[in-house]
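Undergrad: Sequence:
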Amino acid sequence: MFLSLRAEVESALETALSTLDYPTDDLGIEEPPEDVDSVLASSVAFRLAGEAGAPPPQVAAAVADEIDADELTYVASIETQGPYLNFLPSEAYLENTLETATAADYGALEDRGESVVVEHTSANPTGPVHVGRARNPIIGDAVANLLDYAGYDVDRHYYVNDAGRQMAVFTWAYETFDEDDLEGEPERDRPEYDLVRYYRKGNAFLENASEPKVADAEAEIESIMQGLEAGDDEAYERVSEVVDQVLGGMKACLARLPAEFDEFVKETRFMRNGDTDDLVARLKELDEAVYEEDAWQLELDAHGIEKNLVFLRADDTSLYPTRDLAHHEWKFENYDNAVTVLGEDHTLQADQLRTTLELLGNDTEPLRQVLYSYVNLPEGKMSTRRGTGVDLDDLLDEAIDRAREEVEERLDDRIRDDDLDDEDVERIAHQVGIGAVRYDIVSKQPSKAITFEWEQALDFEAQSAPYVQYVHARCCGILEEAGLDSAADLEGQDIDLESVAADLLETPEERELLETIARFPAVVEEAADDLQPHQIATYTRTFADRFNAFYRECPVLAEDVEPEVREARLALVAASKHTVANALSILGVAAPRSM
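Its first residue numbered 1, the sequence shown is counted upward by one per residue in UniProt numbering.
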């Protein structure tokens, strides 16, 4: 309803300004401070004061006089407060919010008729997913969920680096060494933990072996790379044997978050189908193309980029950026929009990519990039070199263990009388533990470096995932105690939504909660436009505060509550349940029925 109210306010302001012969290009619409009763405000009088030759409060009064609230559906009245116009909600606004928010898909926007591919994670298939990179799948998955909820047709892609030198080294090492040559046992019973030992062994060999042995190894590695470049099936199958096994294990790790993908797009696709060769030929024709230091490069300093883009080696093998250019042109051909989630260390590459795509004649407006800083643990910055550091699996295991301890400690203090067995505790531990990791990471602005703190992430009393998840569990408990199915829409159950009177929700806590619920679709719209899922997390914290205030002050099922008020409050609880469940779903955080 907030979106409808905003549209109504915009239309009313435009009509009033036109009547007064004022420009309508900037309506000055904003959200008022919390201590103001209105849903929306306008500061347009500030901008018009000079043109009107009158002080802003006088201009605001003139504009307000031109708007007839009786002709509006969702606005009850327009009040001026100094230079501001405040738009107060009508009962219809609250009634329609209460009715629409009790639907399970509340907050989902209308189909936009546009497709978007979201590429994220895309970690090289050389071993386990490292925790320092965990922000990519968590942010990427949330961005994809958010765009899906905002009405886009979304495909989630993982771009697989199966053609670079790293993979040639990995393939050579896998074919060269035996189990007896490897150090230690796999840390987990999954392919990536087993095979990464070959990768480490191969790199150690290339660093420490004698020159003749290294030369022989390099010759074999070079032959693999040349075979891939030439589209040789045997070379492709050799590399794929390693890549597919490692990628299978990485998929299992990412599924724990969960982060799932519609397609794993391999680099070699664009080598084998000729796209890379075609692109290299076009790059050589550009004015910026030069051959120096035994490689073809683009000089991009005239475009504000000091470092050249190397796109072809002297041996005619392409590089990752070359193949990624072909990949992006494929995206432009198949999707209306393209979003890529990248670590901050890829800022230069992102600039080079966009500039080069434009030089090749592509419209890059549909391409947007989300850059993020890395995750640190309290002990210090984590390293990915030489097999050191913490893997994402380790972080998730620790999160579940800590959540399990917290849940078990709270069992005796639970108010709800549903007995939890060991299976329930384990389920909740997974929901809360992994939810805590995802929420803590996605709730921060991507550009800010973060240090993951267990005490904050798993704090049931602070503004964390468990704090928000508990609101959902509490809503489910109230609905089930009232004999309702918390997993279904209220429509068709024992409550007649058409007869529920929103005007019976009279307390400040009820009104504030209902108005917060009404804003949810607008929060989804803005967060999707900005590609900032942390805005949804911020909303959930505000929402949880408002719901908890309502829960403290407004009993729902107490004997002294009038039946009509009880029905209205149950509808408000159901609306709250769907709102928080859907917000958490966007963030990829589970909404437990019980905690």
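Derived by calculation from the structure, the hints in this document are not laboratory data.
Remember, it's a predicted structure, so these values are computed and weren't measured experimentally.
Worth double-checking, as some hints may not be accurate.
[To be verified] Label pairs and their calculated CB-CB ranges:
{"hint": "1", "residue 1": "S210", "residue 2": "V425", "range": "54 to 62 Å"}
{"hint": "2", "residue 1": "V425", "residue 2": "E179", "range": "48 to 56 Å"}
{"hint": "3", "residue 1": "E423", "residue 2": "D560", "range": "36 to 44 Å"}
{"hint": "4", "residue 1": "S11", "residue 2": "A108", "range": "45 to 53 Å"}
{"hint": "5", "residue 1": "L348", "residue 2": "D216", "range": "53 to 61 Å"}
[What the hints assert, rightly or not] Derived lysine-lysine pairs resembling DSSO-like cross-links, with alpha carbons at most 30 Å apart:
{"hint": "6", "residue 1": "K251", "residue 2": "K448"}
{"hint": "7", "residue 1": "K213", "residue 2": "K201"}
{"hint": "8", "residue 1": "K251", "residue 2": "K444"}
{"hint": "9", "residue 1": "K201", "residue 2": "K251"}
{"hint": "10", "residue 1": "K448", "residue 2": "K307"}
{"hint": "11", "residue 1": "K284", "residue 2": "K251"}
By construction, the Cβ of each residue, glycine as well, lies at the ideal position given by its N, Cα and C atoms.
Undergrad: Taking the beta carbons of E423 and D560, is their distance inside 36 to 44 Å?
TA: Given a distance of about 38 Å, which is inside 36 to 44 Å, the answer is holds.
Undergrad: Given the hinted pair K448 and K307, is their Cα-Cα distance within 30 Å?
TA: holds (25 Å)
Undergrad: Does the Cβ-Cβ separation between S11 and A108 fall within 45 to 53 Å?
TA: Once the Cβ atoms are compared, 24 Å apart, the range 45 to 53 Å for A108 and S11 is violated.
Undergrad: Could you tell me whether the CB distance from S210 to V425 stays inside 54 to 62 Å?
TA: Because 57 Å falls inside the window, the suggested range holds.
Undergrad: Are the Cα positions of K251 and K444 separated by 30 Å at most?
TA: Holds - the C-alpha atoms of K444 and K251 are around 25 Å apart, at most 30 Å.
Undergrad: Given the proposed pairing of K213 with K201, does the C-alpha separation stay at or below 30 Å?
TA: It holds: about 14 Å lies between the C-alpha atoms, which stays within 30 Å.
Undergrad: Does K448 sit within 30 Å of K251, going by the straight-line distance between their CA atoms?
TA: holds (27 Å)
Undergrad: Please verify whether K284 and K251 have alpha carbons no more than 30 Å apart.
TA: violated (38 Å)
Undergrad: Would you mind confirming whether the straight-line C-alpha gap from K201 to K251 stays at or under 30 Å?
TA: Holds. K201 to K251 sits at ~24 Å (cutoff 30 Å).
Undergrad: Range first: 53 to 61 Å. Now tell me if the beta carbons of L348 and D216 are that far apart.
TA: violated (35 Å)
Undergrad: Do the beta carbons of V425 and E179 sit within 48 to 56 Å of each other?
TA: violated (39 Å)
Violated hints, listed in ascending order, are 2, 4, 5 and 11; each of the other numbered hints is respected by the structure.
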